[in-house]
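For the protein sequence lines, the chains are A, B, C, D, E and F, in the order given.
Sequential numbering from 1 applies to the first sequence in my numbering.
Sequential numbering from 1 applies to the second sequence in my numbering.
Sequential numbering from 1 applies to the third sequence in my numbering.
Sequential numbering from 1 applies to the fourth sequence in my numbering.
Sequential numbering from 1 applies to the fifth sequence in my numbering.
Sequential numbering from 1 applies to the sixth sequence in my numbering.
Just so you know, these hints were derived from the structure itself, not from any lab.
The model shown is predicted, which means the values in this text are computed figures rather than measured ones.
Some hints here could point you the wrong way.
Claimed, not checked - Taking lysine-lysine and the DSBU-like style, the derived pairs with C-alpha atoms no more than 30 Å apart in a straight line are:
{"hint": "1", "chain 1": "E", "residue 1": "Lys-8", "chain 2": "F", "residue 2": "Lys-49"}
{"hint": "2", "chain 1": "B", "residue 1": "Lys-72", "chain 2": "E", "residue 2": "Lys-26"}
{"hint": "3", "chain 1": "A", "residue 1": "Lys-72", "chain 2": "A", "residue 2": "Lys-112"}
{"hint": "4", "chain 1": "C", "residue 1": "Lys-72", "chain 2": "B", "residue 2": "Lys-49"}
{"hint": "5", "chain 1": "B", "residue 1": "Lys-26", "chain 2": "A", "residue 2": "Lys-8"}
{"hint": "6", "chain 1": "D", "residue 1": "Lys-49", "chain 2": "D", "residue 2": "Lys-72"}
{"hint": "7", "chain 1": "A", "residue 1": "Lys-72", "chain 2": "C", "residue 2": "Lys-2"}
{"hint": "8", "chain 1": "D", "residue 1": "Lys-26", "chain 2": "E", "residue 2": "Lys-112"}
{"hint": "9", "chain 1": "B", "residue 1": "Lys-2", "chain 2": "B", "residue 2": "Lys-49"}
{"hint": "10", "chain 1": "D", "residue 1": "Lys-8", "chain 2": "B", "residue 2": "Lys-49"}
{"hint": "11", "chain 1": "D", "residue 1": "Lys-8", "chain 2": "D", "residue 2": "Lys-49"}
{"hint": "12", "chain 1": "D", "residue 1": "Lys-8", "chain 2": "D", "residue 2": "Lys-72"}
{"hint": "13", "chain 1": "B", "residue 1": "Lys-8", "chain 2": "C", "residue 2": "Lys-49"}
{"hint": "14", "chain 1": "C", "residue 1": "Lys-26", "chain 2": "B", "residue 2": "Lys-72"}
{"hint": "15", "chain 1": "C", "residue 1": "Lys-112", "chain 2": "C", "residue 2": "Lys-26"}
{"hint": "16", "chain 1": "B", "residue 1": "Lys-2", "chain 2": "C", "residue 2": "Lys-72"}
{"hint": "17", "chain 1": "D", "residue 1": "Lys-2", "chain 2": "E", "residue 2": "Lys-112"}
{"hint": "18", "chain 1": "B", "residue 1": "Lys-8", "chain 2": "C", "residue 2": "Lys-72"}
{"hint": "19", "chain 1": "F", "residue 1": "Lys-26", "chain 2": "D", "residue 2": "Lys-2"}
{"hint": "20", "chain 1": "C", "residue 1": "Lys-72", "chain 2": "C", "residue 2": "Lys-26"}
{"hint": "21", "chain 1": "C", "residue 1": "Lys-2", "chain 2": "C", "residue 2": "Lys-72"}
{"hint": "22", "chain 1": "C", "residue 1": "Lys-8", "chain 2": "F", "residue 2": "Lys-8"}
{"hint": "23", "chain 1": "E", "residue 1": "Lys-72", "chain 2": "F", "residue 2": "Lys-26"}
{"hint": "24", "chain 1": "C", "residue 1": "Lys-49", "chain 2": "C", "residue 2": "Lys-8"}
{"hint": "25", "chain 1": "B", "residue 1": "Lys-8", "chain 2": "C", "residue 2": "Lys-26"}
{"hint": "26", "chain 1": "C", "residue 1": "Lys-112", "chain 2": "C", "residue 2": "Lys-2"}
{"hint": "27", "chain 1": "E", "residue 1": "Lys-8", "chain 2": "C", "residue 2": "Lys-8"}
{"hint": "28", "chain 1": "F", "residue 1": "Lys-8", "chain 2": "D", "residue 2": "Lys-49"}
{"hint": "29", "chain 1": "F", "residue 1": "Lys-2", "chain 2": "E", "residue 2": "Lys-49"}
{"hint": "30", "chain 1": "D", "residue 1": "Lys-72", "chain 2": "B", "residue 2": "Lys-49"}
{"hint": "31", "chain 1": "D", "residue 1": "Lys-2", "chain 2": "E", "residue 2": "Lys-49"}
{"hint": "32", "chain 1": "B", "residue 1": "Lys-26", "chain 2": "B", "residue 2": "Lys-49"}
{"hint": "33", "chain 1": "D", "residue 1": "Lys-112", "chain 2": "E", "residue 2": "Lys-26"}
{"hint": "34", "chain 1": "D", "residue 1": "Lys-26", "chain 2": "F", "residue 2": "Lys-8"}
{"hint": "35", "chain 1": "F", "residue 1": "Lys-72", "chain 2": "F", "residue 2": "Lys-112"}
{"hint": "36", "chain 1": "B", "residue 1": "Lys-72", "chain 2": "B", "residue 2": "Lys-8"}
Number of protein chains: 6
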Amino acid sequence: MKVAVIRKAHFNAAHRLHNPSWSDQKNQEVFGLCNNPNWHGHNYELEVKVSGDIDPETGMVIDLGWLADLIKQEIELRFDHKNLNLDTVEFRDLNPTAENMCVVIWQILRAKLPEILDLHIRLYETPRNFVEFPA
Amino acid sequence: MKVAVIRKAHFNAAHRLHNPSWSDQKNQEVFGLCNNPNWHGHNYELEVKVSGDIDPETGMVIDLGWLADLIKQEIELRFDHKNLNLDTVEFRDLNPTAENMCVVIWQILRAKLPEILDLHIRLYETPRNFVEFPA
Amino acid sequence: MKVAVIRKAHFNAAHRLHNPSWSDQKNQEVFGLCNNPNWHGHNYELEVKVSGDIDPETGMVIDLGWLADLIKQEIELRFDHKNLNLDTVEFRDLNPTAENMCVVIWQILRAKLPEILDLHIRLYETPRNFVEFPA
Amino acid sequence: MKVAVIRKAHFNAAHRLHNPSWSDQKNQEVFGLCNNPNWHGHNYELEVKVSGDIDPETGMVIDLGWLADLIKQEIELRFDHKNLNLDTVEFRDLNPTAENMCVVIWQILRAKLPEILDLHIRLYETPRNFVEFPA
Amino acid sequence: MKVAVIRKAHFNAAHRLHNPSWSDQKNQEVFGLCNNPNWHGHNYELEVKVSGDIDPETGMVIDLGWLADLIKQEIELRFDHKNLNLDTVEFRDLNPTAENMCVVIWQILRAKLPEILDLHIRLYETPRNFVEFPA
Amino acid sequence: MKVAVIRKAHFNAAHRLHNPSWSDQKNQEVFGLCNNPNWHGHNYELEVKVSGDIDPETGMVIDLGWLADLIKQEIELRFDHKNLNLDTVEFRDLNPTAENMCVVIWQILRAKLPEILDLHIRLYETPRNFVEFPA
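Same shape as in the complex, but just chain A (with noise of 0.2 Å):
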């Protein structure tokens, strides 16, 4: 009988979607306006869907005050206000989309979430486009 708990945070930072091995047309061509080599910025919203039993003592599968401050500590302190590729190692060398991005923070997260719990990440890049990991 396992429920799901999402919790939902913020961030905003700025990006630039650029492949450092393609000339700067082929960049322009795939990329487009998302290229700007003097970057644009997004307000990220990030769902954070944690699974697992009820806990029968407390009623609830994680504490959500702990994971808050989790989401806080790990990717709001890590990218908000940012330049994800001149701020931030992780995406130094690998490409700030949102499948990226999503697929990051997952890792992130899941490093330091108990092994018995699920983690499944939602990131809105605009109110438009979201990605998703696992699909």
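We have chain A already, so just place chains B, C, D, E and F on it with the hints.
Frame of chain A, contents of chains B, C, D, E and F only:
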């Protein structure tokens, strides 16, 4: 070719998170502000998802008017404008966490739906915290 | 390591729920206000979810501009500002319930997407009623 | 010390924008897709704002249950699941643009509300287009 | 050239609508379910609007961090996870309707803001009911 | 009998809050994370409100298609996927706070709209912070 149909509903209620087998101090440590003996409350947003085959006669999985009425009779009338701990039999001896509420709502509706239909519940406790059952 | 990418789109249309093999009375009993012979309408909100592996060259599962254009060409131009029963071949002989619309949209887009990508459709008929295919 | 109370409501309807004194060509040029002779439709979201002094006995400006019922009786029953051009006297000879609809809804409710209360209407035709009266 | 700056905040609380000078029957007639002696509750969404001239040095009307902190100290800490009738001095002898709450929040923040700035409060009691002061 | 018509639009951009006449330390103290020299960014949601009399011929205050196109040409093409400080003449010497952006957008659109129409701008910098001009 199963299709899922989702109907949203709403109720608001007071509650308190509390484990009567624990000391006041431990309750305070684990549940924090949610342990306030004078209660607090929420607007609960409910999403009831019912999945099954499309009836070729009607083009529908389930009559949405019937489903909306079921949710009103079984969930809204039971929980809306109530103190979950004091006014309901379901949570007299069960901690009204969002997780437990989600399972209880699933059990109540599961018993009223044809067996051939699948059921999934999502319950928002606040706009930033929500739960799902089954996970 | 499959990631899902979701793109939202919008169209509005008129329709009528009706089964021509039934009497007017039975249509009225089953479909109620939705059977109005003079039509009614909705703003349909569409979420197209495409899942697959991240292309290591682009960091993307699918080019979102290409996907947005596909949705525009295949869905918005076909259904936006239309009478679904009168103006479209898809619903001339198929009841335009949200369930049937969701399957039809899935079929149209499925035929245009690379086979290696998975496809899932969510369609909002109103802010409180929506459907998903596959369930 | 006037306070405003806002109640949201919902209806959906079919309509067509058309000026019968114009040629078909001019109607098409001015109203575009909205001129479709087979109709299209929307989910209309309505916000009714009533302003006045707080009654010291009740702590309320107006009884919200009474207001919700007024909106149901006067607006939802009149327009919900209707073809505005064919099924309503209000728009038989008046173009059912969002602007005209907003003024008509204001006039209907204004006649039913105590004169001492102010009235303001907001009407969403789509999530991206809405109107207000008075401006 | 005045600009308005709006900051959203959130708290949840239990309350009961009740006029102690009335009979139980009259309270029940006027306030209905909201008169439940065991309380019910809401997620309150608050929008604090502060208007004034742009400071040419900062390009801002008011420091948003300072405003967010003021709302946290004066409103959230006072009302969040509280029983408004039992746990707060403001509503011990004042009916905690949304209207009265909106005026009280305005009075609390008005006393803390520079006089040259205008203040307007919007308070959502549910997603479908909200109030504003001044009207 | 003036009616207001509101059209929503969207753009995303990178920016940095900075006053070049101040020391780095003072910029850091006043603007905090928003002063990051490597930029950060937002999804900006824009609401353009135009008010005027209803044209009895069209039933409209303004042609929404024309207004949507004006917003696209004058605002979206100018600011979308741009670095506001580096890529735009408007904010090369003006701090791109939400307040200043709101006034600049008002000025750009004001110059293009018929004088008889009133104009009001609302700009969301994040879902919790937004500004309006005129106040």
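Could you check the structure against the hints above and give me the numbers of any it violates, in ascending order?
8, 15, 19, 20 and 32
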